[in-house]
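Peer 1: Residue numbers (the working numbering), protein chains in the order written: chain A, 1 to 275; chain B, 1 to 390; chain C, 1 to 316.
Any given hint might turn out to be false.
[Claimed, not checked] The calculated DSSO-like cross-link candidates involving lysine-lysine, where the alpha carbons are at most 30 Å apart (straight line), are:
1. B:301 - B:335
2. A:6 - C:216
3. B:301 - B:167
4. C:216 - A:5
5. B:130 - B:167
6. B:112 - B:153
Source of the hints: derived by calculation from the structure; they are not laboratory data.
Chain by chain, the residues:
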Amino acid sequence: MAFVKKLAFNLFAWGIVLAVAFPLFWMLVTSVKPAFELFRRPPTMLPETWTFEHYLHLIERTNFLTYFRNSVILSTTTTFVVVAIGTLGAYSLVRFRFRGRESLAFMVLFTYLLPSVVLIIPLYLLLVQIGLANNIFSLVIAYTTFALPYALWLLRSFMAGIPEDLESAALVDGASRMGAFVDVILPQLLPGIISTALFTFILSWNEYLYALVLVNSDDARPLTTGVMNMLVSSFNIEWSLLMAASVMMSVPLIIIFAFLQSYLTRGFGAGGVKG
Amino acid sequence: MAAVVFSNVRKEFGSFTAVHGLDLNIEEGEFVSLLGPSGCGKTTTLRMLAGLEFPNSGEIRIGDRIVNDLAPGQRDIAMVFQSYALYPHMSVAQNIAYPLKKRGVPAAEREKSVAATASLLQLTELLDRKPRQLSGGQQQRVALGRALVRDPKVFLLDEPLSNLDAKLRGYMRVELVELHRRLGRTMVYVTHDQLEAMTMSDRIAVMDGGKLQQFAPPTDVYAEPANRFVASFIGTPAMTMIDGELTEDAGAWTFNAEGLSMTVGPLSGQAKSGPACLGVRPENVSVGEGPIGAVVQVVEKTGHENIVFMQLPGGHRLTARAPAMQSWQPGEQVKVVLDASHVHIFGSGPRGDRWNRPAQSAAPSSAKATPQIIASKNTKADPKAEKAAS
Amino acid sequence: MTASRNAQEAVSHRRHLMARNTGTLLERRYAMLGVMLIAPTVVVFCAVIVYPLLSAIYLSFFSIFTPTLQGDFVGLNNYAELLSTGTFWSSLGTTLIWTVGTLSLQILFGVGMALVLHQNMWFRSLARSLILFPYFISTVVAVLVWKWLFNDLYGIMNHFLISLGIISFPMDYLGTMPNAMISVILVGAWKYFPFVVIAVLARLQTIPDQLYEAAKIDGAGPIARFFDVTLPQLRDVLVVIILLRAIWDFKEFDLIFLLTGGGPLNDTQTLPLLVYQEAFALNDMGNASAYAVMMMLIMLVFMLVYIRRTRSEEET
């Protein structure tokens, strides 16, 4: 009886989980079906013929690899810049006393919630003015607007979790403030830094609006607008190709999910959803 | 030359004053406890000495240097934290070596010092472990080792034993005293545990509300508490306090409260007629024969003695120590006598000064407004004498 | 050497005894270091956030033609216009429908899923990963997949619904109302409910078992236990989640823009889309800025509530 109950519950629970995951499953399946099989009625749940022609097509005959490279450069640079600035800033906000510290922390939280569309017009004007529009670097600057407050907020909360005594002990043991930071705080902060870096990377990887407004040449386009462009500009939509692109686009996420998921969960806790 | 001197040191956190104009002279080689309830300013005082907090005014000296502007690392101090503050990502050996490394000691020499310190504290087996693999007591010894390895001028200890279980705490008390005797270094020890302060210190600085209440050897703090706060804070079970009225008749003083009237004295020049408080420790109250009538309320049996809680007719409570073989039933009427030579008289208020004339051996303090007792010369010479003997 | 040191000491000695509240040298040096460490953050903040924010407000007093970036000062005209014409109000209405709709589904589904995942189910961590995935994939990917699912001729959605007998003809999910709004709300719920799941799940794990045991002893059934024990324990975290998600859903651009582009006939054009359209399709940046500022003012209420809550929580 207990087993039947358990079985029923598991069937129910997994039913929901699979329903939620179905679109992703369908994305995978579509990407390996040959074009003719797509239009079969009723649709086949698993491909009758497996093919990787769409992936090959994507790499050989579209700009996908350029977009991919752009996205990698863009997200990596943004992550490095933001985490470097943010780590120092968070250290200062949590462990130093100076005037204006409180209002600065307030500002960080405020900008963390600020809508991008408010900033995008002046940013566009600014970047056009200084002649940076239409290249990857302009996107790095634009991405800082959401990534830095976010990273600062996460890192600040990770930093606050490091016992103050550790730093005090290092100071008494003869370290300078920066020495204590390098010797004691950074090693303790490392999981938090990794977690923040992952979140920043994912945010940058997935960003769409800034990329749409600030870049309109294929050389500088990241994946989000690039792939979307493939949908809009193609005469008749090749769904298999788009699904293959979607899968490829999600590869970094799948890697993070497979190996580093605990860092993501940790970041959730620090990101202001406590209570 | 004093090892540590606080001159008129004041510390404010916003509108809250944590330490009010503290003056404290700690002799070289002395073991001094800063004792008081939580929030009394003792930890702030220690952290200011370490350079982790900054005084708003006043001056702190270590040896012949004013250290106000020196970074903690330049003050030639070592500190043991309540949380131990071991670096989690470093092994025990790396933890102990860290202060040496930061001072540019060559690796070979570092290794030798670490090995010596480790064997002193029986940590040799544990050198390769990480702090989280150690028990609380072992972590405590590593923290101690990290402080010892450098042979600093002054050791600062911030409630280092409070995270240990009772048995280990008793053991470590003895170890620390032994260590102090061997090293002969100045040690400043913060605690809220009067037993630790009483058993380990050369002198105790009792603090309350950010102010120094008394600075004296343990026996003096116990026998001649400077004021009512010190008297009630030190001693278990606590000193009985009875509020009443003091009257003078041709140099003879009488204390009156409901259910109690007795001649007291001799008192100092500070004493005056009016509201006052009588304090008496449980061991100076004998139950059996006497002029005072009381009703027994509770008898606590500890095995080697009985603690008798009684009530006087006026409602005042009175505590007495009695030998284990003497016992009473709750509700029983008893006769009580207080040992007049060990009765304390305090001015009114929670920190009323003690008005008894000081015992013959102590320095004259009757004229002083601040409740300080300068340590007699022989107590501070003690540790050195012992060191010379060993 | 000694003389200068003595002189120095004398000076510092005097300062410590006489001066009050000036801070020690060390304290000031630390404060300086703190300022230096935060300086890059402040510079970047000013350049890419404060300056654009202020100029957005400034621009909203102008009428600017986007391609030439030439403009005239028009004072409060943009605001007067947007408040008097219907576009802003109907867009605000659309935004509220979208926000309330998708947020309630996210909360409902998120809490339910968290309760399920909190039970002992088979392969729980795999289930958790699968649930979490929609939240982390790019909105672009989510939209492409859903557009494919929604495809009128070959989409599997129509196939499912027809074979289940719910509908008899293929449906247009994104091209007609109210289908478009419902679809957008559903896709939004699908994409963002994992956030609620994770946050609630983390809180559920901290509810002490004794509470449930005590409730059981008192004779509470599973439903009573949920309402009397679980829900009160979740209240605080739910308030935070709702505030945060309300703010994020309110400003959502990518998902709606990519799914419907605001259509059909501006029926799903929420405020962020309106700002985008004014600025980059209708080429009036001044007007667009006015919309953006108005939108920010509305959001400010939620943001201030959230910030106040977070700060008071930090102080305790």
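Peer 1: Does each hint hold? Answer for all of them.
Peer 2: We went through each hint and held it up to the structure:
1. B:301 - B:335: Cα-Cα ~20 Å, so holds.
2. A:6 - C:216: holds (20 Å)
3. B:301 - B:167: Holds, because 21 Å separates the two Cα atoms, which is no more than 30 Å.
4. C:216 - A:5: Since the Cα atoms of residue 216 (chain C) and residue 5 (chain A) sit roughly 20 Å apart, the hinted pair holds (cutoff 30 Å).
5. B:130 - B:167: holds (25 Å)
6. B:112 - B:153: holds (21 Å)
Checked against the numbered hints above, the structure violates none of them.
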